[in-house]
Amino acid sequence: MDHEEQVEHTSHSYSKYFLVWLGLLTLTAITVTVAGINLGDVTIAAALIIASIKSYLVLTVFMHLKTESKTFKVFVIAALFFIIISIVLLFSDYGSTTI
Amino acid sequence: MSNQEQTASAHVHRDDEGSRMGMWLFLFTELILFGGLFFVYSVYRYLHQQDFHVAAKSMNVFIGTANTLILLTSSLTIVLSIVAMQNRKKILSLLLQGITVIFGLLFLVNKYFEWSTEIGHGNYPGSPELLSQSSGHILFFGLYYVMTGLHGLHVIIGMVIIMFMIRFTMKDIITPDSYVKLEAAGLYWHLVDIIWIFLFPLFYLIT
Numbered sequence: 001m002d003h004e005e006q007v008e009h010t011s012h013s014y015s016k017y018f019l020v021w022l023g024l025l026t027l028t029a030i031t032v033t034v035a036g037i038n039l040g041d042v043t044i045a046a047a048l049i050i051a052s053i054k055s056y057l058v059l060t061v062f063m064h065l066k067t068e069s070k071t072f073k074v075f076v077i078a079a080l081f082f083i084i085i086s087i088v089l090l091f092s093d094y095g096s097t098t099i
Numbered sequence: 100m101s102n103q104e105q106t107a108s109a110h111v112h113r114d115d116e117g118s119r120m121g122m123w124l125f126l127f128t129e130l131i132l133f134g135g136l137f138f139v140y141s142v143y144r145y146l147h148q149q150d151f152h153v154a155a156k157s158m159n160v161f162i163g164t165a166n167t168l169i170l171l172t173s174s175l176t177i178v179l180s181i182v183a184m185q186n187r188k189k190i191l192s193l194l195l196q197g198i199t200v201i202f203g204l205l206f207l208v209n210k211y212f213e214w215s216t217e218i219g220h221g222n223y224p225g226s227p228e229l230l231s232q233s234s235g236h237i238l239f240f241g242l243y244y245v246m247t248g249l250h251g252l253h254v255i256i257g258m259v260i261i262m263f264m265i266r267f268t269m270k271d272i273i274t275p276d277s278y279v280k281l282e283a284a285g286l287y288w289h290l291v292d293i294i295w296i297f298l299f300p301l302f303y304l305i306t
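Chains as they are written, first to last, in the working numbering: chain H, 1 to 99; chain Y, 100 to 306.
No wet-lab data here; the hints were simulated from the structure. Since this is a predicted model, take the numbers as computed values, not measurements. Note that beta-carbon positions come from the ideal geometry of N, C-alpha and C, so glycine has one too. Incorrect hints may appear among the rest.
To be verified - Pair ranges (Cβ atoms, derived):
no., chain 1, residue 1, chain 2, residue 2, range
1, Y, T216, H, I85, 33 to 41 Å
2, Y, G197, H, L25, 15 to 23 Å
3, Y, T128, H, T26, 30 to 38 Å
4, Y, I131, H, T60, 34 to 42 Å
Work out the full structure, taking the sequences as your base and the hints as a guide.
Now the structure itself:
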């Protein structure tokens with residue numbers, strides 16, 4: 001559907017991708033800087049949150065998930081959902097056991 | 100869909116959305132592959148927090164950061180090559196695809212120097228120096244080599260795929276009206292980028 005729209009337009013913009021790229025570089029700078037500061041347990045959380053934001057940008061803009069049909073989005077959300085279930089189950093086991 | 104239909108009409112019937120969907124389904128299997136390794140990493144990190152903390156300090160943050168910037172920029176160039184193709188700029192698209200391959204190569208060169216340094220320090224699987232360390236320390240380096248190694252393999256595969264795309268573009272198999280192959284190659288390259296986005300903080304930054 002979206003593909004046909006794209007063919008009809010004569011010019012496609014490059015600028016959106018440059019902006020996202022700048023955003024990704026900025027987030028990299030932030031994550032490296034934050035890692036230099038000793039925040040204790042927050043360090044891991046901060047690094048993973050920034051990595052998730054970067055992945056979100058790559059998935060939605062670079063991988064065109066934003067302009068794909070709903071099916072693609074449902075698939076990706078389902079995949080991520082199962083990963084989250086796995087992590088929760090994994091740590092409900094290891095987190096509760098003292099080894 | 101059938102051959103008769105294709106020859107009957109000038110408009111070739113094809114399903115680009117279906118092709119991209121197929122690529123996404125393949126990417127999910129990659130997610131399972133790397134996801135499993137990330138699970139192993141997280142459990143061992145949880146069990147050996149202090150050892151991972153100490154071992155990660157020996158990582159070269161500069162090379163890690165440089166490689167992050169290289170891969171992020173290569174993701175930009177491959178997506179721009181698709182835009183160039185949509186805008187009917189074949190030469191520009193070829194140039195951007197070529198730059199992406201060069202960025203991939205730069206990434207691997209950095210990786211080569213990084214691994215050489217680590218191996219020079221005696222930090223390689225089964226080395227006497229490493230085996231004399233604590234088990235968490237050994238696990239950290241084992242996971243480091245397996246995960247960045249598997250990722251490096253994906254970079255090599257991605258480069259080969261993009262080189263095929265360059266050839267397809269030159270032979271007009273990829274055209275401004277039919278570029279789903281280039282899109283699929285781009286999706287693969289972005290996935291490799293996303294995996295690195297997580298590998299980088301987990302091995303280089305969280306110390």
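Checklist entry - Does the Cβ pair G197(Y), L25(H) satisfy 15 to 23 Å? => result With a Cβ separation near 22 Å, G197(Y) and L25(H) satisfy 15 to 23 Å, so the hint holds.
Checklist entry - Holds or violated: 30 to 38 Å for the Cβ distance of T128(Y) and T26(H)? => result holds, 32 Å
Checklist entry - Are I131(Y) and T60(H) spaced within 34 to 42 Å by their CB atoms? => result violated, 22 Å
Checklist entry - At the C-beta level, are T216(Y) and I85(H) separated by a distance inside 33 to 41 Å? => result holds, 39 Å
Hint compliance for this structure: hint 4 alone is broken.
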